[in-house]
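Model the full assembly from the supplied sequences, consistent with the hints where possible.
From first to last, the protein sequence lines are chains A and B. No gaps in the numbering here: position 209 of the first sequence is 189 in this note's numbering, and each next residue is one more. No gaps in the numbering here: position 293 of the second sequence is 1549 in this note's numbering, and each next residue is one more.
Don't read these hints as lab results, they were simulated from the structure. Note that the Cβ used here is the ideal one computed from N, Cα and C, for glycine as well. Heads up, a few of these hints could be off.
To be verified - Here are some chain B residues the structure puts well away from chain A; computed CB gaps all over 10 Å:
hint: 1; residue: Ser1279
hint: 2; residue: Ile1331
hint: 3; residue: Leu1340
hint: 4; residue: Leu1407
hint: 5; residue: Ala1455
hint: 6; residue: Ala1476
hint: 7; residue: Met1508
To be verified - Quick look at which bits of chain B chain A covers, simulated, 3 or more residues with Cβ under 8 Å:
hint: 8; segment: 1268 to 1278
hint: 9; segment: 1295 to 1308
hint: 10; segment: 1375 to 1381
hint: 11; segment: 1485 to 1497
hint: 12; segment: 1546 to 1552
Below, each chain spelled out in residue letters.
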Amino acid sequence: MISAKKIEEKIFKILMYISFSLLSIALVSIIAVVFVKGLGALSFKMLFSVPQGGYYLGGEGGILNAILGSIAIGSIATLLSFLYAFCIVFYINVYRFSKSQFSRSVRFFLDILWGIPSIVYGAFGFGIMLIFKIPASLLAGALTLSFVILPIMARTMDETLRMIPFEMKQAAYSLGATRFEISYKVIIKQAFPGLLTAILLAFGRGIGDAASILMTASYTDSLPTSLLRPVATLPLCVFFQLSTPFKEVQERGYAAAFVLTILMLLVSLLARLSFKSFSKYVVK
Amino acid sequence: MDELFFLKLKKRRKVNRFVRRFSFLMSLSVFCLFILICLMLFGSSFSLLRKDVFGVIFGTEWLPHQEKFGLLYFIWGSIYTTLLALIISVPISLFTAILISEYMPKKLAMNTKLIFDVLSGVSPVVYGFWGVMAIVPLTRNFIQPFLADNLHIKLFLSDNKSGFSVFSAAIVLAVMVSPLMVSISEEVLRAIPFEIRQATMSLGATKWEMVKKVLLKKGATGIVAAIILSFSRTVGETMAVLMVAGCQMSKMAISAFDPAYPLPALIANTFGETMSIPLYKSAIFLAAFILLILTLASNLFGWSILLRIEEEKS
Chain A
-19 MISAKKIEEK IFKILMYISF SLLSIALVSI IAVVFVKGLG ALSFKMLFSV PQGGYYLGGE
41 GGILNAILGS IAIGSIATLL SFLYAFCIVF YINVYRFSKS QFSRSVRFFL DILWGIPSIV
101 YGAFGFGIML IFKIPASLLA GALTLSFVIL PIMARTMDET LRMIPFEMKQ AAYSLGATRF
161 EISYKVIIKQ AFPGLLTAIL LAFGRGIGDA ASILMTASYT DSLPTSLLRP VATLPLCVFF
221 QLSTPFKEVQ ERGYAAAFVL TILMLLVSLL ARLSFKSFSK YVVK
Chain B
1257 MDELFFLKLK KRRKVNRFVR RFSFLMSLSV FCLFILICLM LFGSSFSLLR KDVFGVIFGT
1317 EWLPHQEKFG LLYFIWGSIY TTLLALIISV PISLFTAILI SEYMPKKLAM NTKLIFDVLS
1377 GVSPVVYGFW GVMAIVPLTR NFIQPFLADN LHIKLFLSDN KSGFSVFSAA IVLAVMVSPL
1437 MVSISEEVLR AIPFEIRQAT MSLGATKWEM VKKVLLKKGA TGIVAAIILS FSRTVGETMA
1497 VLMVAGCQMS KMAISAFDPA YPLPALIANT FGETMSIPLY KSAIFLAAFI LLILTLASNL
1557 FGWSILLRIE EEKS
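Have a look at this one:
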C-alpha cells in the first residue's frame, strides 16, 4: 500500500528535480545563446580590426579595440589592487595575529566593501573625477576597477595566508628572521598557489565588470595607446552595440559577448588548474 | 667582522620597520576608503537633501530641467524587480539546494556546485545579453500573451508589448542570483549535524519529512540570511537590468509587463547628462547613496544572522 507520506515524498522530489532542471536549463542556455550568436558573428576581421565609421553607425571592422582595452584595463586594475591587497593581507596576518581585533575589523570592512555594488564605485570614481576635473581615461577606469576587485583579491589571499601553519613561522622566527623576511622568503612560497588563484579570480571579475567603468573609462573606437585616453572594453562593447538598430553593428556585440565569455571561463578554469598543479610544491 | 654583522642587522631591522609602518597605513586606508565613499556620496547629494528631503525621496516627478527630482518611481522600480526576482528564485534555489545537499551522491553534488560556481562568475553583461536575446522575445511572444489572455488581473495586463519589462528583468536577475542562494543555503543545510538526521530517520520519517520538519526548521534563520544577502546582490545589479528592464519613465510600473526604471539603471544612464545642472548631479549621487545604504543595511542584517548561527554552533 502506498501511504500518503510516500506520495508527498514523490511530489516534492519531482518538484526538486523540476527546479533543478529549470535552473540548469537557464544557465546552460546562457552559454548556448552566447555560443550560437557569437560563433555566427566571429571572423578573422572581427577579431583583428578596429571598428570603422563610428561604433554606433558604421558596420565595418571588428572589436580588437575592446579586446585589447579589456585586457589592458583588467591587468592594470589587477596589478594595482594586488599591490594594495598584498600590503593589507601581510600586515594583518604576519605583523598582527590573524585573530587580533585589528585584523578582524579590517576583514569586516573588506567584506563591507565587497557588498557595495559596482555602480556605486562608478559613481564614487566619477565624483572624484568631477572634483579634480579629470577626464575619463584608462587610468581613471583602472583605479576605479581596482577598488571594485580589491575585496575579492584581499579576502581570497587572506584565506590562504590564514591556512599557513604557525609552526612554519615559528621555525623561521627561531632562525632570527624579521617579519618582513618571513613574509617574502617563507610565506610567499607557501601561499603561492592561493595568491595566484586570487589574482586570476580578481582579473576575471575585473574584465567582466562594466558598471564601474561606464563613466570612468568611457568608450572609444581606437586602440588603447595611452593611459590618459578613454578606452574601449568588452562588456561596454556588448552593451553599446546591442542598443543600435543596425544588424551589422549588433554582430560586433555578439562577437564581443562570445569573446568575453570565453575569456572569463578560461580564466576561471586556469585559476582552478593552476591551484591544483602548484599545490604540489607546498609543504603540507 | 662584528661591526659588519651589526650593520647588516641594523639595515634588516630598518627595512622591517619601514614595511611595517607602510603596510599599517595601507590597512588603515581600508577604513578610510569606506568612509570616503560614504562621505563623498553624501556630500555630493547634500545640496539637494538640504533643499527638500521628502520631495526628493517621495516625489514622483522627474523633470531635471525644471529642477524636479522625484526618486520614488525609481526606488519602486528597484524594489519591484528585486522582489519579483526573489519570488521566482527563492523556491527554485531552495529546492535545488535541498536536492544537492540531501539527495545527490557526494561526488555529483561537488561537481554541480562547481559548475554553478563557474557560471555565476560570468559577466553581468552576458546575462543581460542572454536576457535581450532569449528572455525578452520569450516574454513578448509567449509568456505575456498567454498570461494576459488567460488571467485578466491587473498584474498581467499592460500596454507595453515590447517584452522589455519588470518580468524579463526579474527572470534574468533570478537566474543571476540563484547560484549564490543555492550555495549559501546548501552550506546552511550541510552544517546541520548528521546525528539529527539519523535520529529523525530512525523514528521512521521519510526523507522529505526529515527535510520539512527538521532541516528546514533548524536551517530557517540561515535561509533567511541567504535571501537577505541575495536581495542586496540583486538590488545593486546594474548592467543586466539596464539592458532588459525597458527603462522608460512614463509611469509607475504596476503590471509585471510594464517597463521599470531601477535606481542603478538611472545612475548608469544619466551620468553623462548631469554636467550642466548642479542639482541634477546631486540627484544622481543621492540615488547612489540610497543604493549604498540599502545594500549595506541588508548585508549587515544578513551577516549578523549568519554570525549568530556560527556562535550557537561553537
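Cross-check of the supplied hints:
no.: 1; hint: Ser1279; result: violated (4 Å)
no.: 2; hint: Ile1331; result: holds (15 Å)
no.: 3; hint: Leu1340; result: holds (16 Å)
no.: 4; hint: Leu1407; result: holds (21 Å)
no.: 5; hint: Ala1455; result: holds (18 Å)
no.: 6; hint: Ala1476; result: holds (17 Å)
no.: 7; hint: Met1508; result: holds (22 Å)
no.: 8; hint: 1268 to 1278; result: holds (count 7)
no.: 9; hint: 1295 to 1308; result: holds (count 3)
no.: 10; hint: 1375 to 1381; result: holds (count 6)
no.: 11; hint: 1485 to 1497; result: holds (count 6)
no.: 12; hint: 1546 to 1552; result: holds (count 4)
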